[in-house]
Structures are given as C-alpha cells and as structure tokens.
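Given the coordinates of chain A, work out where chains B and C should sit on it, guided by the hints.
Take a look at the letters that make up each chain.
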Amino acid sequence: MEDTILKIDNLHVSFKTHNDGETKAVRGVSFELKKGETLAIVGESGSGKSVTAKSLMRLLPKQNSMIKDGQVFYEGKDLLKYSIKEMQKIRGSEISMVFQDPMTSLNPTMTIGKQIMEGLRKHQAFRKKELFKKAADLLELVGIPSPMERMKDYPHQFSGGMRQRVVIAMALACNPKVLLADEPTTALDVTIQAQILDLMKDLQKKTGTAIIIITHDLGVVASMAQRVAVMYAGEIIETGTVDEIFYEPKHPYTCGLLLSMPKLHAARSTKLIPIPGIPPDLGQLPEGCPFAARCPYVMKVCHSFSPSKTEVSETHSVSCWLEDERAPQVEWIDGAGGSIDERKRKVD
Amino acid sequence: MSEKEKLIEVKNLKKYFNVGKGKILKAVDDVSFDIYKGETLGLVGESGCGKSTAGRTIIQLYNATSGQVIYDGEDTQVKKSAVDKKSMKKKMQMIYQDPYSSLNPRMTVLEIIAEGIGNHEVQLKSKEKEARVYDLLESVGLNKKHANRYPHEFSGGQCQRIGIARALAVAPEFIIADEPIAALDVSIQAQIVNLLQELQQKKGLTYLFIAHDLSMVKHISDRIAVMYLGGVVELAGSEDLYDNPLHPYTQALLSAIPIPDPKIERTRERIILKGDVPNPMDPPSGCRFRTRCPKAMQICTEIVPEWQEVSSNHFVACHLYKQ
Amino acid sequence: MSLPKQEITKDLFVHAPLESGKSEELPGTPVTFWSEAWRRLKKNRGAFLGLITIILFSVMALIGPFLTENSYMDQDLALSNLPPKAAGLEWLGFDGSDVNGIDQYAARGINESFWFGTDEFGRDLWTRVWKATQISLFIAIIAALLDLIIGVVYGGISAFYGGRVDNVMQRIIEVLIGIPNLIVIILFILILEPGITSIILAMVITGWVGMARVVRGQILQLKGQEYILAARTLGTSNSKLIWRHLVPNVMGSIIITLMFTIPTAIFFEAFLSFIGLGLQPPLASLGVLIEDGYKSMRFFSYKLIFPAIVISVIMISFNLLGDGLRDALDPKMRK
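Protein chains in written order, with full-length UniProt numbering: chain A, 1 to 348; chain B, 1 to 323; chain C, 1 to 335.
Just so you know, these hints were derived from the structure itself, not from any lab. One or more of the hints may lead you astray.
No more than 25 Å apart at the CA atoms, straight line, and that leaves these computed lysine-lysine pairs for DSS-like [unchecked claim]: (1) A:152 <-> B:274; (2) B:6 <-> B:86; (3) B:14 <-> C:223.
In silico negatives: residues of chain A with every beta carbon more than 10 Å from chain C [as the list claims (entries may be wrong)]: (4) 9; (5) 16; (6) 21; (7) 24; (8) 68; (9) 110; (10) 159; (11) 226; (12) 268; (13) 298; (14) 300; (15) 301; (16) 313; (17) 317; (18) 326; (19) 328.
All C-beta atoms, glycine included, are put in the ideal place defined by N, C-alpha and C.
If we strip away everything but chain A, and leave its shape as in the complex, we get (with noise of 0.2 Å):
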C-alpha cells in the first residue's frame, strides 16, 4: 500500500532473566501504520506493548534485550538493519517518542530551551537567533505560555502537564512523520490529561503526523485512535478500526475487557463482569493460546495449539479459535440500541 508509512512484520523480542531463562515479551507482532492516522496499541502491563514500540525505535538495553526476528519497515527501509549512526538520524527527525514520566525524560541539569534547541541542531542546521525563534514557536504552538521567559527554567520549575507539553514539542521539533507515545497521560491527572490528549489531536491536524499512542485505558483509545491493536501476553490478539473493536470485539479478551470497564454513562447497577486469573508468566508460557487460562469459551483445541490469524473483515482481523468453521457458534446477545453494557458473549 502506498500509504503505508511503518510497517512491522513478525516481530519477535526477547529478554535475558537472571537465571538464564528467556522471557518472550513479544512474539511475532505484526502491524502497519498509514500516513496521518492514530493507532492504538492497548495492553496490560507485561502484554509487550512498550517492548514494542521501544525495539521499533531500537532503544531497547542491548545486554539482556535481543530482537530475535522481525522486520520493521520505514518508508520501505528495514530500521533493523540501520547503523546506530544511521538510527540516530531517524530518531527525533522522522520518528519520535514521547515517553510515560515527562520527569525522566529531560535532562534535570539544561535549561528547557536547550534541550529544544540541542534537539533541533541536531538534525537541522540553523543560525542562532533562528533557533532561539524556532524553539520558542514550538513551546507556543504547544501551549506554553510565555514561551520566551519559560526557555530559560530548568525541568523542575515545569508542573507535570507542562513537563509532558515540553516532552512533545522536543518530539515535534523535526517534524517527524511518525510520533510514538508510550502511555503519554498516565502519570497525569484526569484534567490534565484532557489538555494533553486535545493537544494531540489538535497537532496532528496541523502537522499530519502519524501516531501510534500506547495505553491501558480504552477511554483514551475511544477518543484519540482511528485504528486499536489488542495486545495480549506478547501477540495482537485482535486489531481493527475503533468501532470495530468497540462494537464488534471478537476475541474473549477484548470482550473482557469492555465489560470489566465501568461505565461513566451506565447505571450504577451494572454489575462489571471481570476477567477472571492472572495474565500467564512469559517465560513460562503454555502451548496454545496464552488467553486459554482465563477464556471462558475455551475450547480443548486452545490449550495446544495456538491460533492463527482470521480476517473478519478488510480491516478487522483477530486470532482465535472460535473464529474457525468448526469452533460451535457463538451467540451474541444484542440489547436495546447494542450498547456494549448488555452485549454479552454466550456459548451454546
């Protein structure tokens, strides 16, 4: 496809444990992203969401991490097989991060104007007094105010929300074509988290940016993707657009968690139906579909084979068994309207 612009293919990263175990944190993760959408990739914490996005940017620790298989394909060019040299031009340029602790990801001891401005030379030669302008544009169009005076505090004068406004305008400051934000509201409060999620989608209007935005919380997957990836114990387990996934999930675990979430609109009454057991241990994981554990339609093909990709629709594709011909047929209950609230799965 010609709108293509990062595509992962068969991505497999694994880790190092102290007793010389291996946990495999990300097991053959495919996806693509097309030119100025918002994906999301939603996942527990362990189901190798953030593995992913850090191997694609290839900042993973390279003394207990290893990328053991995979493909990741910018523009056409595989990333993987960049030099460090030539990754370091990518990083900030074309593809930038935007990382979960606003804190940890400035430099304590520079003024925030010259971490802007650090970020901006490096890939683009300007003069001084240009450079000065440029950064204090890129904390205005962020919603700094008084961008000229704040160049000159130290990261800790910032509150949380700004640090994170500051975080995002260093990883617009290229331009890049692809923004990748790692759980960019969760250390934040609800409010603030309001600001920074507008601020998103009001950049990437302006700037047509791609942006894939890892996040546990469906709620800001609902407002800010057009397409979600379902991660699960290291594999898309489900990905399609929004609606599909919140109106047509086909996987168990999508279903789960829909129903496990309360709703701010529901009637108290709704009882929430939990999933139930522990995501597996990934370094001992069980034959089969790692969600067979906690299913509740699971069936004795999950527990040794796992399942392959099925293609619901052109966008909609899931990895379950009940998806096959020979799986027994899965009701679905609609209620009044099809909220999902009384849309429960059922097996004959």
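What follows is chains B and C alone, placed relative to chain A:
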C-alpha cells in the same frame, strides 16, 4: 437518607503539615462530611488534593490539626486509654494503593494476615489463628496453599486481595480503601471492585473509597465527595452528581474523563481546564478553584464560598449557587 | 505451533474450561528471601570463593597454632632467623636456604622444620602467623559487632522516633564525624594501655557512626511504606513494629555494611600496630608481624611475605563477599 444512621461524622477536619522554613501545607483544610452505616462514600480528586491525607487522618495515622472525627458518637481525636485506642483500631481498617509495598516482603501471607488477629486476641492459639486465616483467604478467593508463600510470588491483584484479607482479619466495621485499584491492570480492577462489593454485602461493611478514577468511584459509591486542593467542593448521591454536577470543577472533571465508547467520544464537547492545580503551599484567596474556573466572578477572589445544601442531599461550595 | 495443522480435528472444538482456581496457583515451592539470596550468592563465583577462603582462614586461625609443637611466644635464640623449610615443598623455596643459598638447617644442625621459618628470637612463624590472624580477626569481628549493636540501636531510635529526637541525635553524629578519628584513636590508646581492649574501644568509638547512618536511612525509607502503616492501623505495638517489620527488612543492609566494616577494622588494626600503637610483644597481630618483617625485609623476606599474604587474602575475600552479598541482598535487584 436522613433516617440512616451516621457511622462517622467528620467535622471541620484540618490537617496541616509543617514543611519547614515557616511554610505550612494545608493538605486538608476544613473538611466536613458524614458517612452512613453500610454505605460507600467515594472521595475523588486529583493527585495532591488531600484525599489520602483525609483518609489517613480519619483513621488516625496522622493527628488532626483541628476538627473532629466522631465514630459512632465517640470522638476519636480525644486522648484515650490504650485499651480504648486498640478497640477503635479494630473497628477501622485500611486498604492501601500499592499492592507490593503494602505487604511486608519478609513475612509469609499467614503471618501477614494473622498479625491483626494476634494483636487483638492475644490468647488465641496458633491453630485457631491458622484456621481463621484460611477462612479469610477463602473469602478473598485464595486458598490454604497460598498461606506460606511470600508476597513477591503473587501478582498485583492477588497481593491486593491479601491486603483485603489482612484488613478483614480484625472484623472491622469501617474500611478506608485508599486507591485500592490504581496500581492494577484493567482486567484485575473489576475483580477487586466486585470482591469489595461482595464483602460489603456479606459483612455489612461501610466504605470510604478514595480514588482519582471517577468512573470506578461512581460505580462503587452511593455518594461521592469531590475534593480540590484540600477542600470538599461538592457532595451528592453518585447518580445525582453524574447527572447534575453543580460545581464547575466537578463538571470539568466529569467531562475530562475519556469514555470507552468511540461514538460518544466523537460527539462529546469537553470542558478543558486551563492551567495546572496551584501550589497547595500557596493556595489562591477566596475560592480555591477560581484560578482555573471558567465561570469565575469577582466575588470568588474575595470570599470563600460557603458549604451549602442546594437540593436535598446535594452539597456544594460555590458562589454560583448562593441562595 | 508445535504440531502440524492436520492434527487439529473437529473433536478438539469442545468447551474445555480449566478447573477454577487453577490460574491462581503458584508454581514451585515457597522461597524465602534468605534462601533466594543464598542461591544468588552461590552463583557469584568471586563471592563464594571469598566465603570459602574466609572460612578456611578462620579455621586455620583457630587450629593453625596447634599444628606444631611450638608456642607463639617460646623464644630460643639458637633457632633464630631460620628460613622456611617444609618437607616435600623444597621446589617452592621451602628448602631452608637463606639469601646466600646456604641451608641454615644443615649449617646449624637443626633437625626440626619450621614451615614459615623463625624470627630473630627463634619463635616459630607458622604459629605466630595463625595466632596473629586469630587476634586480628577477633579484634575486627568484635569491633564490627560493637559497631553493629551501637549503630543499629542509635540509628533505629533516631529514625523511628524522628522529629526532635532525630535532630539531636544526628547533630551528635555530625560532631563525631567532624573530629578526625585518627586523633581520637591515638589519644584513646595513649590514655589506655595499648592492648586488645583499647584497640577495640578506640575503633568502636568512632566506627559505629557509619552503621548508624545506614540504619537510619533505611528505616526512614521503610517508615513510609504502606505495610508499616498497615501494621499500625492493625494496632501493632512499637516493639513488634521494630522487631517484626523494620529490623528484618534492614537486615540486608546491616549485613552488607558489616561485611565491609570487618576488613576495614583488620586493616586499621594492622595500621595501628604498624605505627607502634598496637599490640605489644609477645602478642602478635598481623600488623605487628608485618612491622617486624618489614624491618628485616632485605635479608629475611619470608618474615614479611607470609603475614602480608594472609592479610591481603583476608581483605580481598571480605570485599568479594561483601560485594556478592550486596548483589544478593539488594532488594532493588528483586522484582
């Protein structure tokens, strides 16, 4: 509602911290509310608004600067004999946020849960204690086999359940849950919340549920108090608060929460608050929220708004609703 | 997929839930913190080697002096300055010949063999070296233990009660740190008679400060932990809080600090003896022996070499073990 029996009355509670250099942090500043027997009162607010401090002051982990916490007609802040203190401690318990740091890593689950029993029933034999612990483990969905394990072997959700069992061990009437699900994954959160609700029904517990996640608070609470910068700005029944938020801060807070429903999200108009929460060391004069309030008036800078009942059981502190 | 696709048959597509509660089960057997730490320590080769060496040297320090018939203080000028000689180890230089290559044993007609040689008074160096090791280790361990007791109590009280108590106690520590400890120690030894007790006291008088600070820092950190708050709301008494919750969690840091205090104490004792403030003859410590050997290094190098090797190996072993313990006990390394 007024027929209901009050279990706890918090009256003009203040907790100031001396942070040195003559500065005072007013973490909780003149907070009053009641908690009725058998209900769940939700306490929401953003980080640093003093909700955790309020909880810890009520349970006497901190000594209040001034004000009263009256439990079942008894003022807990008055100095008491050691025996009275102990029996009061038995009635109130707390569940903490961080499932890992709330369990002593060098103690087994059995020792952790048995600690409270041992403190209050000294004469109990270890066999009986064990049996009690096994029962408690069962009641939170764990079993005997887990008793001689150490906390680091458990997942976050399991640790949180152990924490709940520990609190239940002394058969309390009132439990403060301080962000009990904030550190857990979405799929585990529901497990814990359902467990808390189930236990409430079985044992007739009263909860003070402290959290920043308004959607979860709304789900579990009968009434909700919204805190901002050390003070309660609004208190109402949870449906009422959601359908008819009065305070501009509550309105903004509700509108800021992203709803996991893309269709609703697409059409939703957000009230985006300007700026950040002011430094609590140096709060604004008059109404604390006025620096970010979209409806701020002249009077807000001068006079602290009064705490008033606008409609039945719906309290708010805002000049917009002055009668 | 581990098996070929064709084995997936229709009959596999039936509902097959796991037993409920299965996913709650924990793998393996319960592991205590200490057994886990021990396992990790064993994997650290250097630390394990250090541990074995320390045990070996301690055993030698206890039984070494009894392996020959000579006492560490028997003088016999007829046997003075004999080079080391051990049957079977001649090829290693234990052949009894001096710097000029003359076999002193044959020349003087001595039948006995002195494994490490003798000093100028004819005292058996083998016995003296191990006796000295014994005394050095004794001094170091007692000093470290006293540091430990004072430090833990002081640091613990300071941190646990906090506020004004902490303030006063910390100012006292600062005053103690402000005085150069060498001066304090020298004054101390000048007032008291030089001897084992005075050396230990002199080292402890300033040495506990380090331990007190470590313990205070750790307890301050722990005090804010939620499990301490939880114990308080459960009505746990202060003494229980300290002994069941705080001390076990500070133990790791205490042991690590202890492991680094012991070699420092050995070294300090050697230093004091070397400058003549240490033990008086005929008692020997490693420092005393080294000082003696150093004086006649040119002609009787063996007098210096053996105690020097022993003290070096002990120092290295303690440091290796300390490092290993730090890795094994550091809670940050645990997940």
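Going through the hints against the structure:
{"no.": "1", "hint": "A:152 <-> B:274", "in the structure": "holds (22 Å)"}
{"no.": "2", "hint": "B:6 <-> B:86", "in the structure": "holds (22 Å)"}
{"no.": "3", "hint": "B:14 <-> C:223", "in the structure": "holds (23 Å)"}
{"no.": "4", "hint": "9", "in the structure": "holds (18 Å)"}
{"no.": "5", "hint": "16", "in the structure": "holds (14 Å)"}
{"no.": "6", "hint": "21", "in the structure": "holds (13 Å)"}
{"no.": "7", "hint": "24", "in the structure": "holds (14 Å)"}
{"no.": "8", "hint": "68", "in the structure": "holds (17 Å)"}
{"no.": "9", "hint": "110", "in the structure": "holds (27 Å)"}
{"no.": "10", "hint": "159", "in the structure": "holds (23 Å)"}
{"no.": "11", "hint": "226", "in the structure": "holds (32 Å)"}
{"no.": "12", "hint": "268", "in the structure": "holds (28 Å)"}
{"no.": "13", "hint": "298", "in the structure": "violated (5 Å)"}
{"no.": "14", "hint": "300", "in the structure": "violated (4 Å)"}
{"no.": "15", "hint": "301", "in the structure": "violated (4 Å)"}
{"no.": "16", "hint": "313", "in the structure": "holds (23 Å)"}
{"no.": "17", "hint": "317", "in the structure": "holds (18 Å)"}
{"no.": "18", "hint": "326", "in the structure": "violated (5 Å)"}
{"no.": "19", "hint": "328", "in the structure": "violated (6 Å)"}
The structure fails to meet hints 13, 14, 15, 18, 19 from the earlier list, while all remaining hints are met.
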